[in-house]
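As they're listed, the protein sequences go chains V and D. Take 1 as the starting number for the first sequence in this note's numbering and just add one per residue. Take 1 as the starting number for the second sequence in this note's numbering and just add one per residue.
Read the hints as simulated data drawn from the structure, not as lab findings. Incorrect hints may appear among the rest.
Identical chains share a label here; the pair holds if one copy fits it or two copies do between them.
20 Å max Cα-Cα, derived SDA-like pairs, lysine to any residue [stated by the list, open to error]: (1) K319 with S160; (2) K346 with G367; (3) K319 with E59; (4) K346 with G369; (5) K346 with R257; (6) K346 with A265; (7) K346 with A390; (8) K346 with V61; (9) K319 with Q95; (10) K319 with E159; (11) K113 with D216; (12) K319 with G369; (13) K113 with D101.
Being a predicted model, the structure only gives us computed values, none of them experimental.
Number of protein chains: 2
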Amino acid sequence: MAADQNVLEAHLAANRERRMEDYTAFLSIPSISALPAHNADSQRAAEWLAGALRAAGLEHVSAERTGGNPIVYGDWLHAEADAPTVLVYGHYDVQPVDPLDLWESPPFQPIVKGNRLQARGASDDKGQVMIHVAALDALLATRGGAPVNLKYVVEGEEESSSVHLDGWLQANRERLAADLAVISDTGFFEGNRPAITVGLRGIAAYQLDVRGPGVDLHSGSYGGTVENPIYALAAILAQLKGPDGRVRVPGFYDDVRTLSETDRAAFAALPMDEDAYLAETGSPMLHGEPDFSTLERKGGRPTLEINGIWGGFQGDGSKTIIPAHAHAKLTCRLVVDQEPERTFNKVRDYILAIAPPTVRVELTYFGGGLPSLTPIEHPATRAAARAIEATFGVEPLYIREGGSIPVAASFEDILGLPVVLLGFTPPDDRAHSPNEYMNLDNYETGIRTVVRFFDELRDTPLR
Amino acid sequence: MAADQNVLEAHLAANRERRMEDYTAFLSIPSISALPAHNADSQRAAEWLAGALRAAGLEHVSAERTGGNPIVYGDWLHAEADAPTVLVYGHYDVQPVDPLDLWESPPFQPIVKGNRLQARGASDDKGQVMIHVAALDALLATRGGAPVNLKYVVEGEEESSSVHLDGWLQANRERLAADLAVISDTGFFEGNRPAITVGLRGIAAYQLDVRGPGVDLHSGSYGGTVENPIYALAAILAQLKGPDGRVRVPGFYDDVRTLSETDRAAFAALPMDEDAYLAETGSPMLHGEPDFSTLERKGGRPTLEINGIWGGFQGDGSKTIIPAHAHAKLTCRLVVDQEPERTFNKVRDYILAIAPPTVRVELTYFGGGLPSLTPIEHPATRAAARAIEATFGVEPLYIREGGSIPVAASFEDILGLPVVLLGFTPPDDRAHSPNEYMNLDNYETGIRTVVRFFDELRDTPLR
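Next comes chain V alone, as it looks inside the complex (with noise of 0.2 Å):
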């Protein structure tokens, strides 16, 4: 493996321009998902990648329809016999760039500024795209084969809630089989620390309607004599958690997933400045269960949100009325191994018990996502693991995100996939603002560690 490393870093070395101009080139297309002005630079990124994956070696390459941008689609099924297949996950469309006068150089016109490269798109998430095809490139040129099997699936509307990603996932699942999904779109820890995500929350949504009288009624002709319906509606919001911010619905924690000691240890590893954190919030304090660290509760504790809240008169000044009806957003953040609607059904029946009888209630479910989470003991983490400290010479951190990326609960449950979540920007990339960019040390390490991380996937017994 030595020589193969010298081989490699000679390979890497030769084409680091080459790498360079391909990687602007591909950041100089404004392919925003969200603007329909941008379509057809849309579908330009997305041919340009095909003909860049080609390039590489990667062959049934084509750039798919879809209702909305195309989805790019490639493999490279060589592997030895007994090798696992590794479906590569990315997104070549970027967000928008507004406000535009807030960048010091255009967007889409990348420049280097010592080892940073700025562009949209330069970290989220064209960035860690062409990690990947700089990774397949050197591999294949250098050793004329991939350790793994390879199939890669980069869409074009993950900043437009990747609309048509999941029937194009159920119609190809065949195509699609693998035994492990890389979803490269997340990144390192505070102080560019290197990091594995390894949990995401899931989420519920709802809706809660409290009816009272027929109309508005006046309050000085009737008050006193029939329920307020926000009256109401706060007593039930105010019984759905403690002051602590424990949640009171019954069997709510049944389904939660306790925190091993691996897990503790690994939220406990995380730089953590409660001062900045809360500074960053503009709260008062930080709050939640008592008994859970601030990153524990926000990464590996379920919530229940109260989003919104309306009823009666918002105006200036006073209006004296008792309102017909008012109304609560909700969500709950799942953690392993609760499920949305099942989540839901307990809240749903909790309020239903406890709402009095002098107004009408009722709950509407909106949907959910579910929770996902790769632990750190599974071999697929563990082989990541080692990747990223045979090139970046530390052990990862290990992050659980609280909140939610679609996606990867598409392929765990569309395709049945565990998701490993390997991503190499900065933490301070300003994705989605102005000047966004790429660490280019990052960006050149994380090529070797993808290659280490299909070399450690070969031996890795994942079924």
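Chain V is fixed; fit chain D onto it per the hints.
Chain D only, in chain V's frame:
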């Protein structure tokens, strides 16, 4: 007095036709104060009324300038020494008439249907003003004088918040000195049963603002680590009242005057169909303090209502935020001897005491109005009751309205006068609605009641 009565009846009988002509002429002027296009009509109605008051024998009559529609003033101050002075209040402006297509006849072309006179203003309040004009005319024509000194104040902006009345009262305090104010802008109880309104609730209006994060936060990235301002608001609101509707603010009921045996007997004497009342509200059930009847809770007990609430996302579907702030509009209905700002201060202190330290809470006082009560035992109320019994042949019921009549508080606060709310409209008079009407039996008997009331007051010590 029997001889006087015969002369009075003969006069009223002889003048019935002219009296109806005057009434319909007054009703024909579309003096809609809320619509600037009718300002000239309001001016014309004021001048018409001034002429009618002069014709009845009033002195110092003028349509006095305000910033808006004139206030018509006139007096007769020649009663015997030691006779009390009575200030009579009414208004000559009327409500708008839309929806016009629901009127059975044009709103400003009065028509008689059986014992009803139908027109905008027939009951509210031109009809009641004309009862006073007719009573005055009958007294001065048949006796050459009245038993009490009289001052008439008829405004033209009652249906548009009486914006200039308080200033005019302030500026004319000496000229308006009296022993009693009689407001004829209320009516009879259900079943057209004669009634005196003895109480009105006051009000205190304010807003509650709860602030948490500096901006709306992503509920995935931050959920579980900071307080949700909507939850904090709900928890505060839920602690303001118990499930029985009783306000939990310490000291809230301290200033509430206990209902006397007489008060409770008067409430109990009022016909009340709870099923019909419930159906009218549209609520699933009636609700409120368990130790008080529905009418007691409405007329004799204070409230704390949430008139509006808002915060975060209110659109279709779901938005995954922890909102930066949440708000509620609140009002208290007050009964004697509660004071608006003192009551607000108690609510504010309680809320600030229970507010969690995880959010910033602010309360803003918008203003208020005093409750009003002229007890059943008050000599002026007793005199009005005797007048009703003598003319309508039944003892009056005593009503406490849940709402406020701001002018009642104005006469009490600015002029320091006890107020008797003596009105004659039928309870289903459709005031503010299409096909408003006056019951002509109420109207004719009402004239006799007013004459008798003044006679009763002559010998009633009010000071």
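Going through the hints against the structure:
{"no.": "1", "hint": "K319 with S160", "result": "between (41 Å within a copy, 15 Å between copies)"}
{"no.": "2", "hint": "K346 with G367", "result": "within (15 Å within a copy, 44 Å between copies)"}
{"no.": "3", "hint": "K319 with E59", "result": "neither (69 Å within a copy, 41 Å between copies)"}
{"no.": "4", "hint": "K346 with G369", "result": "within (16 Å within a copy, 46 Å between copies)"}
{"no.": "5", "hint": "K346 with R257", "result": "within (17 Å within a copy, 46 Å between copies)"}
{"no.": "6", "hint": "K346 with A265", "result": "neither (31 Å within a copy, 49 Å between copies)"}
{"no.": "7", "hint": "K346 with A390", "result": "neither (46 Å within a copy, 67 Å between copies)"}
{"no.": "8", "hint": "K346 with V61", "result": "neither (47 Å within a copy, 73 Å between copies)"}
{"no.": "9", "hint": "K319 with Q95", "result": "between (43 Å within a copy, 19 Å between copies)"}
{"no.": "10", "hint": "K319 with E159", "result": "between (43 Å within a copy, 16 Å between copies)"}
{"no.": "11", "hint": "K113 with D216", "result": "neither (62 Å within a copy, 33 Å between copies)"}
{"no.": "12", "hint": "K319 with G369", "result": "between (41 Å within a copy, 14 Å between copies)"}
{"no.": "13", "hint": "K113 with D101", "result": "within (19 Å within a copy, 74 Å between copies)"}
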